[in-house]
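Engineer: Residue strings, one per chain:
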Amino acid sequence: MSDVQVSNKAKWWKSADVKKTAIYWVILTPIIGYVATEVQLRSIGAPASEVMASVKSLMGIFTWAASPVAGLVAALALTSLMGKRHYGDNPPPDADHEIRNSPRAAATWVVVSTLLCLFALITGLIVLQKDSESILDAKAININVTGQQWVWNFDYPESNGVRSEVLYLPVDRPVVFHITSKDVKHSFWVVQMGIKMDANPGYVTETAVTPNKIGVFDVRCAELCGLLHAYMQNKVHVVSQADYDAWLSNRAALEGAA
Amino acid sequence: MNKRFFATLGTVILGAAVIAGIGTYVASAKNDSRVLAATAAGTLDTPQGTLPHYTLDIQAYPDSMFGGHGANGGAHPDWVSYGDITNFEVPAHSAITITVTNYDGGETLNNDYFGKVRGTIDGSATLNGVRITSVAPDHVGHTFTVHGIASKQSELFFSVPMQAVAEEDMPEEGYTKTPNVTVFTVITGDAGEYIWNCEYPCGDGTVAKFGNAMSSMGYMSGHFNVVQG
Amino acid sequence: MTTMMDRSASAPGHAAGKRPLIERLNIVTALVLGTVSAVVVWQLALRFLPETPETSLFFNREDKISLLSLIGWFVGFMTGIGALIGPFRWALGKDLNHDENMFLAGKDQGIKRYFRYTTDHKVVGIQYLVITIIILFVGGTLAMLIRTNLGHAQGGWIQPQTYNAIVGWHGIIMIVATIIMITGPFGNFIMPIMIGARDMAFPRLNALSFWLIVAAVPPVFISFFTGGITTGWSAYNPLASQAGLGMNGYIAFICIFAISTMVAGANITTTVVKMRAKGMTWNRTPIFIYGVVASVALALPAFPVFFLSQIMSGMDRAFATSFYNTAGGGSGWLYENLFWIMGHPEVYVILIPSVAALMEMAPVFTRRPLFSFNLAVMGIAGISGLSVLVWAHHMYISGWAPLLNAPFMLTTELISIPTGMLFLVLIGTLWRGRLWMTMPTASIYALLWNFMIGGITGIYLSDVPADAFLHGSMYVTAHFHYTLMGAGLTGALASLVFWFPKMTGRMFNKTLSWVSFWLVQIGFNVTFIGMFLVGLAGQPRRVESYAEVFSRGNLITTMGAYTIMAGMLVLLHGVISSWRSGVKAPMNPWQSKTLEWTVPNPVPLENFETLPVVTSDAYGYGKAKS
Ligand code: HEM
Ligand SMILES: [Cu+2]
Ligand SMILES: [Cu+2]
Ligand SMILES: [Cu+2]
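Residue numbers (this note's numbering), protein chains in the order written: chain A, 1 to 258; chain B, 1001 to 1229; chain C, 2001 to 2626.
Among the hints, erroneous ones may be present.
Claimed, not checked - Here are the simulated lysine-lysine pairs, DSBU-like style, with alpha carbons at most 30 angstroms apart:
id, chain 1, residue 1, chain 2, residue 2
1, B, 1177, A, 235
2, C, 2623, A, 14
3, C, 2510, A, 84
4, A, 20, C, 2274
5, C, 2064, C, 2112
6, A, 19, C, 2584
7, C, 2094, C, 2064
8, A, 84, C, 2064
9, B, 1209, B, 1177
10, A, 235, B, 1152
11, C, 2064, B, 1209
12, C, 2112, C, 2623
13, A, 84, A, 20
14, A, 84, C, 2584
Source of the hints: derived by calculation from the structure; they are not laboratory data.
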């Protein structure tokens, strides 16, 4: 703004531009934070496990942590847009200053972004640690997951050789999945439980989860695996322990009929 | 000004037309839109009560020379193939009896999971008139495996193995006179769009033999749509 | 051969009589020779290559034949365009004489020089510009097919394997188009003038890098008719070994393109290091130059790895080796590692020059100095350095090495620090400037917006637990479009409008640039926000049909995509009509201070009458304080 000639000596925060930016910042940050979290978390839908719940809260936290940065950039951009604009085919006169640097701004910026980065890292590591430990749970149900072009199937080695193309799980019991593939790479994704692990031919990979909600959820393949990749999906039924036992004995009978 | 506006609009329309043209070509060039609908056959008593009954006859061949495929000079006459039409349409909430006549030999499944009859009424089928619930996983010619996208539509899954024609019964020329006939009945739920494919590795390639015929619609895979009756 | 041409010489090369070979080769001879040689090799191989034994599981004879034919095409095409004349003559000990060099530089040949093995960097720049536009058009058409098919839930408009092939084709050629879209046209045409040089360090390599791209394109086109790239652009093995003959086209394409990129990288890097004008110290070198060098220098380690990974993939197919086949002792994880060791640096190959180009424009359109040149250089260097250490963030959930997830999460999140520096430079330059509202100016704001969204969503993806949910979903697709298209392409389109006057001698039509800007940016955000939403709701990527819960988001996305299409077609119209009949451009329409604006239009063959001497950087805008 041409009427506010700011000399180096003047208090920088007294400049009209800075004040305007600060106001925009204060207004924009909560709006960005709210809209972005709301839109994202709503799209995700209700979690069906602890793991998914923590993914949701992580994304919420990250979005809120990022919104002051996004808000600041937006505020600065807005302030600059609100200044003198020039349309036309010839350039406007030069700006009224030749600021080439601001060690103070640069240093603050770098320090803050480093802190935010550390914050993201640490929150992520905490959740990661929690998730990784669950694979070692000795009381968990073990299920072998086999991907092949273009159907999943699930083996329950601890339950009389029950096999199924639909996943049945008892609620509130930890489960460890041992995942492999018969042909190309697939990716085993239980959407509402927030777990995913690739199925690799010739290797067994592991992931674990404790479903905490009774209901019907989705398994989808998340790695392009050829012709019918889009159809390599099925349901997960999370049921009470009693229903689960009934299902198992039913299935065992069918399997035994072989 | 006006002239420039119309010139620009012209470019946009022309460009969109070119893109639409390419799209139409790509979409039409590779889609076989022929559909085989199930034939009505009265009613059938099932564990779920008396339901409208329909039948569907399907064949599986060691190549694509037979019937429509060969007569049409299909693109890959040497690829194994199910009957010449591979898209099926069956009514909702009905009993569908499917007869698969298999003229092809075979060997071992990648996953013996598909050696069992799954998802049919009481988990069984008849092979040349004899009731079975599975086929030895190293004597499978093809499987007929139906599944769909996880969505609001009813869950529908069934998979039936076809016994391979014995090696010595496979003639050098033409097709065997003694195909294996497998018959099974499934019950459909609400209308929905499903897909079927074969789980026996009968294609080409170094990886799991799921190349070529197995990786192209219209040979070892197709649509299986359940429609309002 | 010396690279500087003597300005005093002038005699045109071709007198009467029989024209020498060098003057008779052009794109037509190249196409003819390439086709003939491909067909000959194909027929010979068909006849003489032994049958694969009946017992073999493999269909590798056909792979051998098609790979050999593609090599035949490549050798024939490069011979036909004249790429071998120089090396051949050099081997004979009789290097090209002055007249021949002048001929190669395209002297006095009018339009014809654009269809020859021309070494003048300005001709190469224009050639790159045209081929980038063509590739973007094809890639855009494919994107429209993808989006039309996904317009309603049960897909089915295009059959699944064709759909997969279209996704793969769209992906790889868009990646290639975006890799070359800045360093190709502007890196070749503008960069040497900007540093005050008469040409590139190795003009013949310059022509070579362009014609290699032309040679690479037909294999990928043909692949569509021989089964297609049904694996997606990443061509993961073992899926790629299973795929049909079309994969060989991909392999040939990547190998040739990788050579082109390496050649261009060596050439551009050498030019900038050795040929800057007197007085152009590193402190005075424009930031765009840093961006271009960082981009091609990153490609130098990345593309040999890509090349190698595809050679191995080709061997797995043609010779039944098992580099990637677990059953034979190999591993698909090997491929994934090789691919992403290339793949991650490559996204910065695309991004950095775009951001640098906008940084170059920012002072021009705000009439004030660039804010913190040093931070900009540090940011570019930091990103480049870190980008080679983060590849396994694409493999968090592959099961390859769960223990390495935490370290790769660290390196990945560290990238946000140098990235933040680039933001500060841009926003700092906008701060209290005198905004000159042009399409490039608006593009700076658009980049800030899009790249902010792309960057923040990148942090979610870098977080292992969140990625376990998001990986392989449409969320990823939306994220990388925000960076590659929202940031990368936006910068490239701004560069086009900005440098159009110098490259074509005419101004880009202002109205059209604005109309297309708004259509593209609005359409883009609608498209990819819709895609974020379906990704979060659980739609996997690369699917030909999807559950009906995703219908609404996909419909929004498809509407947005059509808007982008309209915008890009308006832009195309702008390019064609402005080039043909736009307003004649003055020498320096933007009153910019970099060197390329000190030469007349059209730029003379050797750029500068006398080589300039630089005494300050190019950002001396703004009035000193009273
Ligand atoms: C500079 C521009 C663009 C670049 C660099 C680009 C790049 C890519 C890449 C690398 C892929 C991944 C392909 C694969 O998974 O193998 C892709 C997929 C896709 N692109 Fe683009 N693209 C661009 C423009 C567009 C546009 C304009 C649209 C739509 C309007 C679009 C829509 C899509 C869609 C729908 C997919 C498929 C996503 C999936 O199913 O995974 N792209 N793009
Ligand atoms: Cu898949
Ligand atoms: Cu089969
Ligand atoms: Cu990456």
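Engineer: Hint by hint, note whether the structure agrees.
Structural biologist: Evaluation of the provided hints:
1. 1177(B) x 235(A): Status violated; Cα separation ~42 angstroms.
2. 2623(C) x 14(A): holds (22 angstroms)
3. 2510(C) x 84(A): Within the cut-off at roughly 20 angstroms; holds.
4. 20(A) x 2274(C): The given pair, whose Cα atoms are some 47 angstroms apart, is violated under the 30 angstroms limit.
5. 2064(C) x 2112(C): violated (37 angstroms)
6. 19(A) x 2584(C): violated (44 angstroms)
7. 2094(C) x 2064(C): violated (38 angstroms)
8. 84(A) x 2064(C): violated (65 angstroms)
9. 1209(B) x 1177(B): The given pair, whose Cα atoms are some 27 angstroms apart, holds under the 30 angstroms limit.
10. 235(A) x 1152(B): holds (10 angstroms)
11. 2064(C) x 1209(B): Distance of about 19 angstroms is within 30 angstroms: holds.
12. 2112(C) x 2623(C): violated (47 angstroms)
13. 84(A) x 20(A): holds (14 angstroms)
14. 84(A) x 2584(C): This hinted pair holds, its Cα atoms lying about 29 angstroms apart.
Hint compliance for this structure: hints 1, 4, 5, 6, 7, 8, 12 are broken, all remaining hints hold.
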